[in-house]
Amino acid sequence: MPRQVSHYLSAGNLARLGFQDTAVAAARLNDLGPPASPVVAILGRSADPDLALETLTRLHGSASDPDALMAALEDDEGTAMRLLSVMGMSAALGDHLVRHPGHWRELTDPTLGSTRPPAYVVRTGLLEAVGADASAPEPVATLAHAAAVDALRVEYRRVLLRLASRDLAHHVAMDDIAAELSDLAAGTLDAALAVARAKVGPDAATCRLAVIAMGKCGGHELNYVSDVDVIFVAEPVDEADETDALRVATQLASTLIQVCGDHTGEGTIWPVDANLRPEGKSGPLVRTLASHRGYYERWAKTWEFQALLKARAVAGDLALGRAYVETIGPMVWGAASREGFVEDVQSMRRRVLEHIPANEAKRQLKLGSGGLRDVEFAVQLLQLVHGRTDPNVRPPTTLSALSKLTAFGYIGREDGRSMHEAYSFLRTFEHRIQLYQLRRTHVVPEEEASLRRLGRSLGHLRNPVEELDKEWRHHRREARRLHEKLFFRPLLAAVARIPGDGARLTPDAARERLAALGYVDPVAALRHLEALTSGVSRTAAIQRALLPALLEWFADAPDPDAGLFGFRRISDALGSTPWYLTLLRDEGETAQRLAQVLATSRFATDLLEREPEGVKILSAGSDLKPLSRETVQTEMLANASRRGDAIEAVRSIRAIRRRELLRISAADLCVPFGVAAVGYALSDLTDATLESALAVSIGAVQADRGIEFGSRMAIIAMGRYGGYEMGYGSDADVMFVHDPLPGADPELASNMAQAVANELRRLLATPGTDPALEVDADLRPEGKQGALVRTLDAYAAYYAKWSAVWEAQALLRAEPVAGDKDLQARFRALIDPLRFPATGLSADDLLEIRRIKARVEDERLPRGADPATHFKLGRGGLADVEWTVQVLQLQYAGGVPELQTTKTLDALDAAVAHELLTAEDAGILRAAWLLASRARNATVLVRGRAADQLPTDPRERAAVAQVLGYGPGQTTAMVNDYQRTTRLALGVVDRVFWGS
Amino acid sequence: MGKQEDFVLRALEERDVRFVRLWFTDVLGYLKSVAIAPAELEGAFSEGIGFDGSAIEGFARVTEADMLARPDPSTFQILPWRGDGPATARMFCDITMPDGSASYADPRYVLKRTLQGAAEQGFTFYTHPEIEFYLFKDALEPGRPPVPVDHSGYFDHTATSAGSDFRREAITMLEAMGISVEFSHHEGGPGQQEIDLRYADALSTADNIMTFRTVVREVALGQGVWASFMPKPFTEHPGSGMHTHVSLFEGDRNAFFEGGAEYQLSKTGRHFIAGILHHAAEITAVTNQWVNSYKRLIGGGEAPSYISWGHNNRSAMVRVPMYKPNKGQSTRIELRTIDAACNPYLAFAVVLAAGMKGLQGEYELPREAEDDVWSLTDRERQALGLEQLPKSLYDAIAIAERSELLADTLGEHVYDFFLRNKRQEWEEYRGQVSAFERDRMLPVI
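If you're matching them up, the sequences are chains A and B in order. If you read the first sequence in my numbering, its first letter stands for residue 1, the second for the next number, and so on. If you read the second sequence in my numbering, its first letter stands for residue 997, the second for the next number, and so on.
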């Protein structure tokens, strides 16, 4: 007859305690007795009360002493807490209890809450479990092999059970738990070795074998379940033959791996992973000490030294193991002076920053942004950089290293503390996930029930799922936020004299770190940092918050030193201007754009320095797109009309042009939008500038002479400008045309038109704060000897009389862009029959063009210029491609309207569409044209002035490569690609243009 | 400073080294050397030694002439021929630009790049060269035909042979420099010698060939004779080639070996040969780079002149040697075109690239040449589809100028310089009036 159901077993109370299935729970509790109310309350505090109760029921059924079990639970609160917290967290350990019912008594030990089990006791227990004498120098198991393997598993779980109860019921700190797990692993490796010795037999005595733990076990910070990384070292004993000894040692090592990793009736322990050894999987499993040393002296890579940070002798012949650590250890700290270390660090840093965007990444504790790996990598990297000169920061354990790095000022104190909290939380979370089934996993489960159990185990008895999520997010965000600045923030502490921030990075250490990040002149960099951040002003405070991020962005760009220097000059100029500080304070896109522009482009930096207010353009709010011609022109005309005289008016036009040049170049650098579109934007801007300047010039000449201008005027763009293909350094090639009004004095009109053109060119070219626009009219009829401005009729007469084929070719690129619309249209009508001849090219004309081209190639390339990298006149360069296209146009445009365009790429498309050129040839020409145009723009952006060929200065050339999308050290690869692309184009030009 | 660098610096102390020669190779295959004092070496390791690249054939234009030679500490060797006094050591260098990126003009980088490409497919490339050369009496005098040191023939052994003394000393010296010699004997021509180097990865072998050529000439000078690797010094005697055995390894496994396949030659091996044959004409300008090289190729005998392969067929361009049982690891093919006056870095690079091309494109291996290719009539060869290798440097250049494979492998810089230089060599040669013309014409016209 069931006992009367007490009120504490009511459905309501059970639900309040956290049971999900109250009916089942009540039934089970009744079957158990039911236990007294405090036991049920303790059940309710476990991570998963239903699981705990189910396991308890099963244990009750399998135990030989169920009454003693229940009595212990009721009499000793400590025992109840330990047993039930383990049962409510770990299904795997619960199964173990059911299978080995006697083990529940382990958790009645009251010292569990207060005493850490000494490592030697754990080791002794494990060795004795396999029948080995723990005091022997080389213990050998006496149990039969299969029995020993099982016994080791049972003993391992027994110790693990005790450990888990300390973790769950007594809240031992995460780093202690991880250390105890490592000790348990070390003892297990020793016991497994004893089993291996028994299997190998007497030969085992011919070698000394040491097991070096690497990774988490080596760092004394193991997980509940993870691969145990090891390296094996062996030496022959006395006179034994080395080859034989190594063979025996290899047998021992591989048997050890099997003993730990095999699945038997008692399950498995963990996989032993020896792949961190020299040469990885393909290298020998066991090496002698000398062989290890030889490898690390000769071949090892920086990341291998990073792995060695955690090497620790844990099992086997400890004297040999320690000799290994003493031999290899110093090499780790020498690694920082190796050739290529800076590059290695940078790529490792990138590895820290670049995260795997897999779908799982969001639920990954280990990888992913703000994951455990972030923290571990960052700490190890700082250790490698600073551990060379400062032995204080060398501890192998992540949290210890973190605290040392903090104590000695390599990491800010606040940052260090937050990082510690984040890491402890993430690791504890990981432990709890693994405990459930003792599986190796780093992925946060998605099922509600699992999350609920995990949340409760971490102390969130109310709203466990939501609270857990909140806490996890918080720490992940902190870890991400902190490690991004971990490198950079202390640099400021080194220079900014802020009181009370604990130990600071010394200037030497700061220089070391800046150099490792690619700053060529760390001394100057520190000086700039100091100037920017010292003092107690609001400006300095904002700069201190901002600079860590900026320093990193500079470090990723081609010229970090220039970036920091430019930033200092702009900040000096703008001082404490409120909008500037507001703009920067958001630490977001604005600052990032600014950093990228400053550390890449002297062209854009110059524009910014002329007028620091330009920083506004970079503001994250603006979408960094070139404005349309109309918008710019309207603003230019409106501004000009408000000025008193022509000089002031054009000055305002040029200021707007400067601002727009900055906008285009910054957009090109930050959100590349294609070289063709850059050409359109620059040409549009030139259109607007010329249109406005023309209006101003006409007004000025009228005012000067006191009479109306009796003519209409237009400007015709020529060359690359006419093709809307301008680059940053391009002059504006134009021709001027005018057409006297009926009744006006033609001579006076011509005279005034001449004056207007001269005035326009003068005003735009005068030196001033804003960049000049050279207006070049040398392509006009008769070149420099010809009149600067002609009437439309004069052009008609000239072309009727002297229509040389090269003039028709030049007109292919003529595009009316400014001035009187009607005159523009009439000029176009005049030249169309010339440039798109219905009859195509005569054989003589083709010959003439080829002859001119041959001469140009010979004469125009400046002395000393490199034909391989000259953008315009180089082999397969812009001129080669454009002349080829133009010959096709002269030949066929009369009959093919699509070919009637000034734009090279459009003409190429039309030529393919009409089968005048194969798609393959056109593709090759297009690639060369685009690459040469991009390289030319990149060169001007980097150097800040017009350029005809790839820069010869190595640093500039490297910067151009980076703007073109090549990584560090890839400069010569970029040049090689450039030469290949243009050589292929030359092949097409040879066939299509030269007909060979 | 890494441990290897430390080792070198220590060795300088211990061996009382007074000079360190930094070696590198120009585009045409001439060894260049800069001597520095040991005190400068530490700087050379960390920053490289700056030099004017425009002064080196094919390296750089005047405007971008700053280059750095970075010694490769793994190639450190004491030079054995400087007597007992203070020692001299040498190291091979990689050439970089001031920003640290590798120079595309450096032949060693051409080979490294090509090896890297193969490594990405999982292969390492091994080579084993048989280097032939002539020994002449006394120093050379312009205009006077050289006199060979002896009149022995193939494998001849004579008690007083100057050649065998010479070979003994040369081999001792090579072994002292860590270069293993496999085999040496008297070759077919008077005064002609052959020394075979043990097989090694292609980069080491190329370094070793550069060293070898220097050692051989040093030893010759010491014995009062003159050594030359000129491909064809005599009209009537055989030329000097550098038959090269090549093989690919995947990890520890010889990728050319497949037990049970015909000639134990794997699919990989067959595609590789097909690649070399298919691109043979394109790469000949590199494997046989001199006007004189072609006089060896068209001369018959041991030198091939038709694009063909055969099993143990010494007239074929590519020979698949007889398989020795249980020697799967030594399965290899022998390429018989290369001559000893090539630039070994470039030659190995183009051979590997051609073979890899065959592998990627899974080229079909053409019919095997079973007969002595030389003894066939032109019609027979035509019927068998046997094409001839370029007959002159001029032909070779013309084909090379259309080769994307060559441009890709050599890199644009070397490709451009090399072909321009070779064209110039041809132009200079073309204008020469030779003894042949004088002998034929002066007496009769």
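Check before you lean on any hint, since a few could be wrong.
[Said to hold, decoys possible] Here are the simulated distance ranges between beta carbons:
| # | chain 1 | residue 1 | chain 2 | residue 2 | range |
| --- | --- | --- | --- | --- | --- |
| 1 | B | 1356 | A | 119 | 45 to 51 Å |
| 2 | A | 170 | B | 1197 | 56 to 62 Å |
| 3 | A | 858 | B | 1136 | 38 to 44 Å |
| 4 | B | 1032 | A | 538 | 39 to 45 Å |
| 5 | A | 284 | B | 1164 | 35 to 41 Å |
| 6 | B | 1136 | A | 923 | 39 to 45 Å |
| 7 | A | 606 | B | 1197 | 48 to 54 Å |
| 8 | A | 866 | B | 1356 | 32 to 38 Å |
| 9 | A | 284 | B | 1009 | 29 to 35 Å |
| 10 | B | 1356 | A | 977 | 53 to 59 Å |
[Claimed, not checked] Distance condition first, Cα-Cα at most 25 Å in a straight line; then the derived SDA-like pairs of lysine to any residue:
| # | chain 1 | residue 1 | chain 2 | residue 2 |
| --- | --- | --- | --- | --- |
| 11 | B | 999 | A | 392 |
| 12 | B | 999 | A | 523 |
| 13 | B | 999 | A | 289 |
[As the list claims (entries may be wrong)] Far from chain B, by Cβ distances over 10 Å, these chain A residues were calculated:
| # | residue |
| --- | --- |
| 14 | 200 |
| 15 | 610 |
| 16 | 611 |
| 17 | 866 |
| 18 | 969 |
| 19 | 970 |
No lab work stands behind these hints, which were simulated from the structure alone. We put the CB at the ideal spot given by N, CA and C, even for glycine.
Taking the hints in turn, this is what the structure says about them:
1. For residue 1356 of chain B and residue 119 of chain A, the hinted distance range of 45 to 51 Å is not satisfied, since their beta carbons lie about 56 Å from each other.
2. A hinted range of 56 to 62 Å holds for the C-beta pair residue 170 of chain A and residue 1197 of chain B, which are about 59 Å apart.
3. In this structure, residue 858 of chain A and residue 1136 of chain B meet the distance hint of 38 to 44 Å, their C-beta atoms being roughly 42 Å apart.
4. Between residue 1032 of chain B and residue 538 of chain A the Cβ separation comes to about 56 Å, which falls outside the hinted range of 39 to 45 Å.
5. Between residue 284 of chain A and residue 1164 of chain B the beta carbons are some 38 Å apart, a value that agrees with the proposed interval 35 to 41 Å.
6. The hinted range of 39 to 45 Å is not satisfied by residue 1136 of chain B and residue 923 of chain A, whose Cβ atoms lie roughly 54 Å apart.
7. In this structure the hint that residue 606 of chain A and residue 1197 of chain B lie 48 to 54 Å apart at CB holds, the actual value being about 51 Å.
8. Between residue 866 of chain A and residue 1356 of chain B the C-beta distance comes to about 33 Å, which sits within the given range of 32 to 38 Å.
9. The hinted window of 29 to 35 Å between residue 284 of chain A and residue 1009 of chain B holds, with their beta carbons roughly 33 Å apart.
10. At roughly 20 Å, the beta-carbon separation of residue 1356 of chain B and residue 977 of chain A lies outside the given 53 to 59 Å, and the hint is violated.
11. For a cut-off of 25 Å, the pair hint linking residue 999 of chain B to residue 392 of chain A stands: about 24 Å separates their Cα positions.
12. The straight-line distance between the Cα atoms of residue 999 of chain B and residue 523 of chain A is roughly 29 Å, outside the 25 Å bound, and the hint therefore fails.
13. For the proposed pair residue 999 of chain B and residue 289 of chain A, the alpha carbon gap of about 16 Å is at most 25 Å, so the pair holds.
14. With a minimum CB-CB distance of about 26 Å to chain B, residue 200 of chain A clears the 10 Å threshold, and the non-interface call stands.
15. Every beta carbon of chain B lies more than 10 Å from that of residue 610 of chain A, the smallest distance being close to 29 Å; the non-interface claim holds.
16. Listed as outside the interface, residue 611 of chain A is consistent with that label: its C-beta sits roughly 32 Å from the nearest C-beta of chain B, beyond the 10 Å cut-off.
17. Residue placement check: residue 866 of chain A does not keep its beta carbon more than 10 Å from all beta carbons of chain B (closest about 6 Å).
18. A cut-off of 10 Å between C-beta atoms contradicts the statement that residue 969 of chain A is not in contact with chain B; the least separation is 5 Å.
19. Its beta-carbon lying about 6 Å from the closest one in chain B, residue 970 of chain A breaks the requirement of being farther than 10 Å from that chain.
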